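Undergrad: Given next are the chains, with one letter for each unit.
There are 2 protein chains.
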Amino acid sequence: MTTTRLRGVFSPVLTPFNADLTPSVERFTRHCRWLLEQDVGLSIFGTNSEATSLTLAEKRRLLDALLEAGLPAARMMPGTGACALGDAIELTRHAVEAGCGGVLMLPPFYYKGVSDEGLFRSFATVIDAVADERLKIYLYHIPPVTQVPISLGLIERLLKAYPGTIAGVKDSSGDWNNTEAMLRNFQPQGFDVFAGSETFLLANMRGGGVGCITATGNVNPAPMVALYDSWQQEGADEQQHALDATRAVFQQFPLIPAMKAAIAWKTGDAAWRAVRPPLVELDAAQAQTLEGGLERLGFDMPYVEDLM
Amino acid sequence: MTTTRLRGVFSPVLTPFNADLTPSVERFTRHCRWLLEQDVGLSIFGTNSEATSLTLAEKRRLLDALLEAGLPAARMMPGTGACALGDAIELTRHAVEAGCGGVLMLPPFYYKGVSDEGLFRSFATVIDAVADERLKIYLYHIPPVTQVPISLGLIERLLKAYPGTIAGVKDSSGDWNNTEAMLRNFQPQGFDVFAGSETFLLANMRGGGVGCITATGNVNPAPMVALYDSWQQEGADEQQHALDATRAVFQQFPLIPAMKAAIAWKTGDAAWRAVRPPLVELDAAQAQTLEGGLERLGFDMPYVEDLM
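Chains R and C, in that order, give the protein sequences.
419 is the number of the first residue of the first sequence in my numbering; add one for each residue after it.
419 is the number of the first residue of the second sequence in my numbering; add one for each residue after it.
What the hints contain is simulated information worked out from the structure, not anything from laboratory work.
This structure is a prediction, so every number in the text was calculated from the model and none was measured.
Glycine is no exception: its CB is placed at the ideal position from the N, C-alpha and C atoms.
Take the hints with a grain of salt, since some may be wrong.
Sample of chain C residues facing chain R (criterion: CB under 7 Å; computed from the structure) [said to hold, decoys possible]:
1) Lys530
2) Glu535
3) Val563
4) Leu725
5) Met726
My request is simple: use the sequences and hints to build the entire structure.
TA: Dropping the structure here:
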């Protein structure tokens, strides 16, 4: 892994599928390349990547395909957490050996009400098994989905035990008070706080954070990167409001199918609509409402021809 | 798979580990054999088996070990559901080809708030991919853990689409009204309702159900089987109360570590205490409290020498 820390706007890269719902390696690679052109980092295998709907073998193949296509591992932060720690170890090791800039790690998420001691042991088991000083872990706090929070106390303990390895967090709690507490308690120790969506991008930068990792980076990257680049300048609040307005249009619908529908619309490639069960693609009426809402905002995907 | 439907008391078989937390195949096989001797069926790879903490390869090896040891596949109902449907398909296919009496299937459980349409497609994808008329699926409804309920509407739709394959349910909602609704709506169509714990064993039998699949079957099997065998006779309510009293002692603590502690105590094999993260084994004081509570009830594990 690189010694330069990851910062900026990252996106959990959507995973496009073929008609038989196998991953479309070709569309995936093109989408990753397009994101990098917009200066968006690659959080492949995140929640919005339908990563938990992919087998370990499928994830290994997709990561390998990006590397074979010459995409820079240093700009990648693959999601490697899993319920079975053996799976988490295998994918984390693969990412480290590939030179990924970091990994984004879910806690085991099946059992609920588990203790901080149990979660500490979970992360420690993976770190000790991978046993590589290049490993940089970004903890993935997303209690609305996992129902397994990563508490401030757990972070403190992990940072103390593995100071060189625990690199930061993606805070997808949606609770700004929590992000603020992470910024206050841990950012000064070099623990890098990424907001879990662009909704908190400006607030996070003002609070000393390092950027955001956001689903809608898949479809609206340019204005996010623009705000990240100029957050200290005049007009930043207006930029944030514009980002919020675009996100609100997507959030009328389940986010993953809505983003895929938007890419299908802009590229003219209907295959992009496909999602794996238990998700369901938008129907025609929903897609039309989405398109209308985005058109009213003058929504644009620069260089979309690169995706076609 | 057999044409005889599964009924009676089943247990999600605890998965014992070695000191390095690899599965102890030898203890596992002995425990399965002991359960069969008590007339308890083998729901290997359930919630209380720490199944989601096992890799797919580990589960395949454990199932194969039981078959190689000559244990009857017809008495097995392995848990085969997974977030990634590719994993669910692989393990389900393996179970069917091995001749298992049925499989217990979790829905994909990472995404929350998913639609019945998405869950229908999830089960349908597995059924269509396995494409084997021997397949008998028991739906695993355990919303306190998955947070992804299997609704009555979903069952109705699945039963209509796959009448020969959708065989029943384990209802671990803890909500008797829900079990009663399943019994009323679907048991008459041959959809077999298992209570999700022995707490509802008697009520479920009186309501027309076929038994229970229960964690504490791992440690207290004999009295459960006795109630199942004689639920129509006098004294059944007292038997149920005795079962409830024993369960209450275990439920003072997280159930999986508590059951493993009890087996370690009764067999004198301390290795039985081990759990995988994110779970944590009972500490010495907790184990002592547990043992004291069980001793006061005259708790016994018949033929425990077979486990040693």
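Undergrad: Does each hint hold? Answer for all of them.
TA: Status of the hints after comparison with the structure:
Annotation: Lys530 of chain C was flagged as interfacial toward chain R, and the flag holds, the nearest CB pair being 6 Å apart, inside 7 Å. Contact between Glu535 of chain C and chain R, as hinted, is supported at the beta carbon level, the nearest pair being about 5 Å apart and thus within 7 Å. Interface hint at Val563 of chain C: satisfied, since its Cβ lies 6 Å from the closest Cβ of chain R, which is below the 7 Å cut-off. Because the beta carbon of Leu725 of chain C sits about 25 Å from the nearest beta carbon in chain R, more than 7 Å, this interface hint is broken.
Given the 7 Å rule on beta carbons, the hint for Met726 of chain C is violated: about 28 Å separates it from the nearest Cβ of chain R.
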